[in-house]
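Novice: The residues making up each chain are set out below.
There are 2 protein chains.
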Amino acid sequence: MGKQQNPKTAISPTREEDYSEWYQQVVKASDLAEKSPVRGCMVIKPWGYSLWENIVKELDAMFKATGVKNAYFPLFIPLSFLEKEAEHIEGFAKECAVVTHHRLEKGPEGGLVPAGPLTEPLVVRPTSETIIGDSFSKWINSYRDLPVLINQWANVVRWEMRTRVFLRTSEFLWQEGHTAHATEEEALARTRMMLDVYTELAEKHLAIPVIKGRKTAGERFPGAVDTLCVEAMMQDRRALQAGTSHFLGQNFARASGIRYQDANEEEQFAWTTSWGASTRLIGGLIMTHGDDNGILLPPRVAPAHVVLLPIARNAEESALVMPYVDSLAGALREKHYGRRPIEVEIDTRDIGGARGWDWIKKGIPLRVEIGPRDIAAESVFVGRRDRDHREKVSVKRGRFIAEITDILDSIQNALFDRALAFQKAHTTVMDEKKSFYDYFTPSDKEKPEIHGGFALSHWCGDAACETAIKEDLGVTIRCIPLPGALQDDMGPGGCIACGKPSPQRVVFAKAY
Amino acid sequence: MGKQQNPKTAISPTREEDYSEWYQQVVKASDLAEKSPVRGCMVIKPWGYSLWENIVKELDAMFKATGVKNAYFPLFIPLSFLEKEAEHIEGFAKECAVVTHHRLEKGPEGGLVPAGPLTEPLVVRPTSETIIGDSFSKWINSYRDLPVLINQWANVVRWEMRTRVFLRTSEFLWQEGHTAHATEEEALARTRMMLDVYTELAEKHLAIPVIKGRKTAGERFPGAVDTLCVEAMMQDRRALQAGTSHFLGQNFARASGIRYQDANEEEQFAWTTSWGASTRLIGGLIMTHGDDNGILLPPRVAPAHVVLLPIARNAEESALVMPYVDSLAGALREKHYGRRPIEVEIDTRDIGGARGWDWIKKGIPLRVEIGPRDIAAESVFVGRRDRDHREKVSVKRGRFIAEITDILDSIQNALFDRALAFQKAHTTVMDEKKSFYDYFTPSDKEKPEIHGGFALSHWCGDAACETAIKEDLGVTIRCIPLPGALQDDMGPGGCIACGKPSPQRVVFAKAY
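Read top to bottom, the protein sequences are chains A and B.
Numbering-wise (this note's numbering), the first sequence opens with residue 1 and increments by one.
Numbering-wise (this note's numbering), the second sequence opens with residue 1 and increments by one.
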């Protein structure tokens, strides 16, 4: 007997072999999205868009439960608006799509060329603080008008030079919340509240464990006083930001003239916040739960929960199997999982083993095979996406229907537990500069793409130390954890770069 | 006794006094939307956006019930893509927002100027046939891949010179469906099926009666073989298009290379369709149901169904009234109307009569006043938005809860019936050229803004006659009614312009 062969994988290369290429291949094999002919823009295919719709539904319901209302503001922002907040325009000027003309006409060489130059260029929104601030300045007059709690679901454009589907695209879909308050305390509380919403979305619905923290001044949103974030660990041990919530102080209120009369009839600037999450989360889902056979979708946001795969060798068997399958689908669809009915796909394609593999690659939580023998036994043959693809169990039909929500919960929890164990396994308290540098430098044996992790190390607060580490290792401070965000010893110590006193550990990592 | 005064209206001017200005004032008073500082773009405020969300929910469910799946395609279209279909680019070249640069940098005068010129200009999508066609050309190889049924919810930009909130804005929100089929018959059937969906949306949900028809060659979508549409009558008797469905033949399949191998392994071009409806529908809602006190929202799409208005003169009364109000709200919210729970607002503002008027202007279907006397009688005091604002009735609390869905149905039906009666009253069979010209020319006694209506007159099919009438009167052929769309005598006759034989009557009107 020879050495046991590795089981064949549906995705090639595997994560170990070439992580970046694995990611691209998973996106393709799972049918979530594809590159478009427009530089840096993606096409979100139906399976991927349905996943986004489910994320939107959950997040939108959580926003509304906190009193937020949706609205819609212009796609275009006059250049002069962006310039009102100096740090803000500085942060976005290098990656703006600029509209300069409003029609096309025949050029000297016969083809169409831009015509009708605009007197003021318009920027396609990279974010909407300034244009929404303009509306707030009209809506808000008195303390009685506050708070104003608004969210917008929209597309935004940031002209990225190196793009990667879902993770970094020139156009992406997101939501941006914008609120205005009478007091600093209330605005701070809202900033924190929305971070909790993103935490719940990530952990409960996407099964992605996150660390709550605050950005350093160097990593803050341009124009913010404070940026809170939730950081997740991908399978190459890099960090991905899964949501941010900014306390903007009175900066944007000053820039946009958002003033109100307080109870003493004195004029004050409002305190504002903004917070957002985007289609980047789908990249995070893939890199948290994907394996060498494709993606694994958490049941709470999966476009469909279960696929029924009828097995019939001829018309006679088909006449037996199909009514059983349809009746099972009907019974499952009457049940709910979370806020949605159980979503059932039926795949009758006659393409052999490729059929089951298609659904494995697409990450559907449950595959159910149904043939004449299963029907004779009043049972179904069930495979879970979080288990080995060869592990399938025969379950009585009635029991499967009765227990499907428990099974889905079990998958949801298994994904979260696995991801949390991975994050913990690659999070290390580190106090020695040399071991810190070794940690973030791939050894000869390691694949350069997969190494390191989260280092919990001290930082004195000096931007120079932050910059030195970034330049040496490509490692940045992902966040200064909020009190209680981590169990480890977070007390004071000495800066990993310069040794000077540091009030607490921070999370260092390479990042997307 | 002097002459009876007209009751004061909440909107000034009234429809009779100045229809265009009435429209602007209703949009403002109802808090649906406002103009933005960006030329031709609007800000959709929470009340208006929630209305749009409800329209989206209904339409999206209808699309999905026909097998359509949502996806998302790039905002930007390379100029060369638009140029692939000659009529198409011709139709949109005059009103395109063109992105020519991808960053901003300090200019000679210190301010920021566009930099990083693009090698090929990008057009902000005015519609997406060409960019979606590119994806279809990759997705479709065999007849087994067909049909492909896709819809996109998106923003689009058409640089309009004269804009009007909701009705004609440079940026608007819409959905655009795009399908590809193996046969002409199937594509034609889909074109017709989606027209039926728009009819159902308009009549059942928006309470707007429509006439189904087909556009003349001159009014067709640029690049389409056939454009079907539904046309509604506004209160100034002009027509508004409430949805279009285009049969594109093989034009866009040829332009984008959408080919498939048929069952005989021969290569064929696919047959495609596209269909859309937009935030313009909200303009249609306002102009169909609005009155001199504001808008009236059909219950099926209203952001909220009922507002509870507690009446308490002091803290003691408030302590009595508020628990009753909260309990009533709870009981109502447990019920459903259509696919949504009953949506209840509670307005506790202490602003006197302005409170009730705010909700009248905003068009909420039901206003319910609750004071100590109502509570003593176990009743509530109910005003319907479709009745005179002074007409309110006392109803037992239990009966109100039990019957609220019937009351909402009654309002929904009343709005539709009223609009249908209006449309019929201003639709006239007309066979004399002189009376036709008189019909569309305001007399001295008439306000120039409100006159005419729909003329059902004969047209020989000659574009010259269509153009002559358009130039003389500003009147166009809104549609050639589909068989059965109208009850009137639709048989052959003589052209209203030239007298030559005509196969059937068409709908002439001034239009938005």
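It is possible that some hints are incorrect.
Copies of the same chain look alike in the list, so a pair counts if it fits in one copy or across any two.
[Unchecked claim] Derived pair list, reagent style EDC-like, types lysine to aspartate or glutamate, alpha-carbon separation capped at 20 Å: (1) K510 to E317; (2) K138 to D31; (3) K447 to D462; (4) K500 to D18; (5) K35 to E109; (6) K8 to E317; (7) K57 to E343; (8) K64 to E53; (9) K94 to E120; (10) K64 to E345; (11) K106 to E87; (12) K69 to D350; (13) K424 to D488; (14) K69 to E53; (15) K35 to E378; (16) K8 to E391.
Derived by calculation from the structure, the hints in this document are not laboratory data.
Novice: For every hint, state whether the structure bears it out.
Specialist: Checked hints:
1. K510 to E317: The answer is neither: 55 Å in one copy and 62 Å across copies each exceed 20 Å.
2. K138 to D31: Answer is between: at 13 Å across copies they meet the 20 Å cutoff, but 45 Å inside does not.
3. K447 to D462: neither (32 Å within a copy, 73 Å between copies)
4. K500 to D18: Close neither inside one copy (39 Å) nor across copies (74 Å); limit 20 Å.
5. K35 to E109: neither (31 Å within a copy, 39 Å between copies)
6. K8 to E317: neither (31 Å within a copy, 75 Å between copies)
7. K57 to E343: both (15 Å within a copy, 18 Å between copies)
8. K64 to E53: Both, since 16 Å and 13 Å are each at most 20 Å.
9. K94 to E120: For K94 and E120, both the intra-copy (18 Å) and inter-copy (19 Å) Cα distances are at most 20 Å.
10. K64 to E345: Answer is between: at 14 Å across copies they meet the 20 Å cutoff, but 31 Å inside does not.
11. K106 to E87: between (40 Å within a copy, 15 Å between copies)
12. K69 to D350: neither (48 Å within a copy, 23 Å between copies)
13. K424 to D488: within (11 Å within a copy, 76 Å between copies)
14. K69 to E53: For K69 and E53, the Cα distance is within 20 Å both inside one copy (18 Å) and across copies (11 Å).
15. K35 to E378: Neither: 45 Å inside a copy, 63 Å across copies.
16. K8 to E391: Only inside one copy: K8 and E391 sit 15 Å apart there, 76 Å across copies, limit 20 Å.
Hints 1, 3, 4, 5, 6, 12 and 15 from the list above are not met by this structure, while the remaining hints are.
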